[in-house]
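Peer 1: My request is simple: use the sequences and hints to build the entire structure.
Line order of the protein sequences matches chains A and B. Here the first sequence is numbered in this note's numbering, starting from 1 and rising by one per residue. Here the second sequence is numbered in this note's numbering, starting from 1 and rising by one per residue.
No lab work stands behind these hints, which were simulated from the structure alone. Be aware that one or more of the hints could be misleading.
[As the list claims (entries may be wrong)] So these bits of chain B aren't anywhere near chain A, every CB distance computed over 12 Å:
| no. | residue |
| --- | --- |
| 1 | 8 |
| 2 | 23 |
| 3 | 48 |
| 4 | 52 |
| 5 | 56 |
| 6 | 58 |
[Stated by the list, open to error] Residues from chain B shown here face chain A by an in silico Cβ test under 10 Å; the list is partial:
| no. | residue |
| --- | --- |
| 7 | 20 |
| 8 | 36 |
| 9 | 50 |
[As the list claims (entries may be wrong)] Label-pair ranges, simulated between beta-carbon atoms:
| no. | chain 1 | residue 1 | chain 2 | residue 2 | range |
| --- | --- | --- | --- | --- | --- |
| 10 | B | 55 | A | 12 | 17 to 27 Å |
| 11 | A | 202 | B | 55 | 34 to 44 Å |
| 12 | B | 73 | A | 233 | 50 to 60 Å |
| 13 | A | 608 | B | 72 | 25 to 35 Å |
| 14 | A | 626 | B | 24 | 22 to 32 Å |
| 15 | B | 69 | A | 64 | 26 to 36 Å |
| 16 | B | 72 | A | 29 | 22 to 32 Å |
| 17 | A | 608 | B | 46 | 52 to 62 Å |
| 18 | A | 69 | B | 72 | 43 to 53 Å |
| 19 | B | 24 | A | 725 | 46 to 56 Å |
All figures in this text were calculated on a predicted structure; none of them were measured in a lab. The C-beta atom is built at its ideal place from N, Cα and C for all residues, glycine as well.
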Amino acid sequence: MKLNRRKFLKYAAASSAIATAGALFPGASFGSWQNLSNNSGLISWQKAPCRFCGTGCGVLVGVSDGRAVAVKGDPNCSVNKGLCCMKGYHSVQMLYGKDRITTAKVRKNGEMVEVPIQEALDLVAEKLKETKDKHGKDSVAIYGSGQWTIPDGYVASKLFKGCLGTNNVEANARLCMASAVTGFMTSFGIDEPMGCYEDMDNANVFITWGNNMAEMHPVLFSRMLANRKRRTNVTIIDFATRSTRTSQAADKSILFRPQTDLAVANAICYEIIKNDWVDWNFVNEHVSFHKGKTNIGYGTEDHFAFKDKAESINFAEYKTFLEDYTPEKVEKLSGVPAKDIKYMAALYGDPDLKVTSFWCMGMNQHTRGTWINNLVYNIHLLVGKISTPGNSPFSLTGQPSACGTVREVGTLTHKLPHGVVMKEDHRKMAAEIWDVPVENIDPKPTYHTVEMFRALDRGDIKFIWIQVTNPMVTMPNLTRYRNGALKDDRFVVVSDVYPTPTTDVADVILPAALWVEQEGMFGNSERRTQHFAQIVDPPGEAMSDTWQIIEVARRLGFEKQFPWSEDDYIGGIWEEYRKFHAGPKHEMASYKILKERSGVQWPFVNGKETRWRFNAKYDPACTNGKDFDFYGKKDHKAWIWARPYEPAAESPDSEYNFWLNTGRVIEHWHTGSLTRRIPVLHNAVPSSYVELHPEDAADLGVVNGEMVKIISRRGEMTMPAQIKGRGVPPRGMVFVPFFDESYLINEVTLDAFCPISKQPDYKKCAVRLEKA
Amino acid sequence: MPIFSYIAIPASGAKKALCMDLNSLAHCEVIVSDNKDVVVLVTDTPDNDTEDKLQKSLNNLQSLQSLSLAFGYDDNEKQGRD
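Peer 2: Quick look at the structure:
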């Protein structure tokens with residue numbers, strides 16, 4: 001730790017006051033104070049957001065002798081109030097796995113050879129330039145992540161979109177959050193949740209839509225359970241396709257057949273209208289009705305294109321549309337008893353109950369992901385239960401900065417940090433802030449994630465730089481995309497911290513700094529931006545992803561656009577980036593404030609965070625003089641959409657007679673490249689498995705631990721059975737966690753996606769089973 | 001260029017408000033106790049005029065019950081006798 005004289009004096013001042021406070025208030029603890037690290041065994045604590053899911057828990061990282069040794073929950077962080085989940089508590093161990101990548105490697109004559117990182121960066125810049133010159137600007141691409149820090153994503157977008165002139169910028173959040181974004185954009189004209197986690201302290205009813213919060217967002221789930229225990233009138237309903245730990249803790253578990261959530265949501269709206277539970281004052285003042293195209297396809301073919309077209313309808317037409325969705329009709333399709341549909345509708349419709357709906361991958365990884373997001377908003381809009389404490393349709397995120405980096409910075413092919421590439425005024429703003437000619441920014445989007453990897457397979461893309469993500473585990477229909485990446489004239493650069501199936505296909509591996517080995521910011525599910533300082537040094541030659549991109553940008557001649565010094569580049573990048581969001585709809589806190597606090601929610605206007613957007617009591621961007629202002633849309637109204645039920649891209653048939661559903665477990669995060677290096681988590685669940693219904697297992701003649709072959713039209717995977725484990729699928733469905741690279745279940749899944757969001761559906765394809 | 005540290009006691013129920021108020025002032029760093037109603041304030045001002053203005057701002061905070069000096073240092077103070 002470097003100290004100047006003045007900083008030392010401030011430490012002395014702080015420690016003197018803390019010692020005095022300790023004398024006046026015995027037992028007083030100051031967990032947020034960064035003590036001086038030395039060889040005395042003293043642990044200093046410094047704030048950071050957790051590295052794992054999108055909840056954004058604040059943690060305090062304990063450091064002794066330059067090594068992170070402990071984690072505790074940050075009591076000053078309103079997200080988790082001092083609590084962590086098992087992944088958070090053990091997270092520092094991920095920094096010290098024995099196979100950590102600490103040096104750069106370059107493929108020479110088929111073998112990966114260690115080289116100095118500067119030599120590897122020279123090669124990356126050279127190959128990037130050579131490919132662009134020979135094959136055009138759209139032959140090069142960068143593929144990042146919702147685990148990118150905000151500065152990582154910002155410099156990637158600036159280099160590729162602003163300087164190199166290609167919109168070949170995508171991130172793995174396309175695989176997890178794109179439907180949430182298009183849901184927000186089509187219903188409200190502006191992205192990200194209107195509510196905040198305080199909704200949990202105010203709601204009477206929680207409905208989880210295909211969302212196993214007990215395992216995926218355990219700290220938030222605990223807060224929900226604590227709320228139920230503390231108050232007498234709280235009910236939790238789990239609405240899902242398989243029984244999970246969330247179902248066990250809920251007051252009621254309701255199972256539906258895959259894809260029929262679309263029909264059930266419409267049936268709830270039908271019931272609300274039929275029983276006149278509509279909040280007419282709200283609807284007449286703040287809602288307009290629309291319909292879009294139908295029979296919109298599934299995107300399984302290359303170059304698939306779709307553009308929706310909104311048409312205004314009136315309430316009577318919407319009511320007529322819903323007549324196909326009586327609870328009795330929907331019961332036959334969905335398997336949900338009509339009385340349960342009516343029960344859920346009554347909860348939403350009761351004016352005395354505050355209702356929060358939560359969802360995550362179940363609704364987003366869906367070939368009609370945009371539609372089901374729209375439909376849950378429809379329910380809340382009809383009854384006016386939105387944008388007020390406790391009344392919240394709440395889309396959760398799965399990665400620490402899917403919101404902060406991908407959605408807010410705009411690291412998707414069509415996006416810019418403010419707005420989209422298709423709009424001239426947005427391009428002009430970006431060009432001015434980035435100091436590049438506006439002509440550099442191409443007005444046409446190129447490839448969304450699935451199509452980007454198809455383009456790599458076809459040879460339209462020949463150079464790809466992959467940072468902080470592991471697509472050779474996560475891409476659906478994986479075999480095609482792995483074979484594509486391995487083709488002779490493709491050049492693949494991978495920045496990562498551990499060897500993975502993605503580094504296996506790399507021509508260059510760059511050692512990356514991980515989490516608190518660098519300074520950065522994440523943005524969580526509730527619009528909260530969280531800064532973290534560099535707390536420990538990265539190992540060997542590992543370098544932050546941000547600085548790797550800056551090094552390459554400078555080698556390509558863009559020194560003017562990337563002027564920052566290695567000592568303080570994060571602050572400089574942040575202050576440049578936040579210019580894009582100036583104004584009351586998205587104002588971000590200054591670098592100074594972010595450094596001081598355990599997260600700040602945007603819009604941050606006149607020193608105040610905005611808890612509930614679109615509500616004039618809380619949101620300074622409301623200007624229409626009414627109680628609510630849905631200012632994202634030109635008509636200042638939220639849009640209710642008539643969206644029908646349409647079947648999944650592939651459903652079980654006589655040959656492939658089971659649904660395959662994939663997902664996660666609490667112990668492991670995503671592809672397991674980090675959590676499988678944490679001994680206690682790895683030992684808890686050392687390998688993946690296939691969950692079967694006990695009667696299906698009996699029919700197949702397998703018992704726990706016996707091997708089952710899962711076969712689809714794309715591939716097959718043989719893995720151990722789990723029967724009556726933590727999750728139990730209904731008859732006719734199997735579930736496989738995807739964290740284990742020894743069992744690449746995505747060789748079996750289908751690369752169908754929502755035509756509007758382009759997000760693949762990992763929850764539904766058809767397979768058959770054999771005893772192996 | 002004075003540096004001071006203080007024990008700040010919030011008005012009843014106003015710990016969160018006090019932290020917000022102190023954080024919004026320039027030249028202030030706040031260290032909050034996790035478990036007691038006490039806050040440590042460290043100030044670092046560039047000159048005496050700024051220090052005077054800061055003192056006035058601190059005196060006007062409704063969320064602050066009392067402020068006790070724990071540590072003080074000023075570059076302009078001469079050490080020893082002339």
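Peer 1: Which earlier hints turn out false for this structure, listed by number in ascending order?
Peer 2: Of the numbered hints, 1, 2, 9, 17, 18 do not hold.
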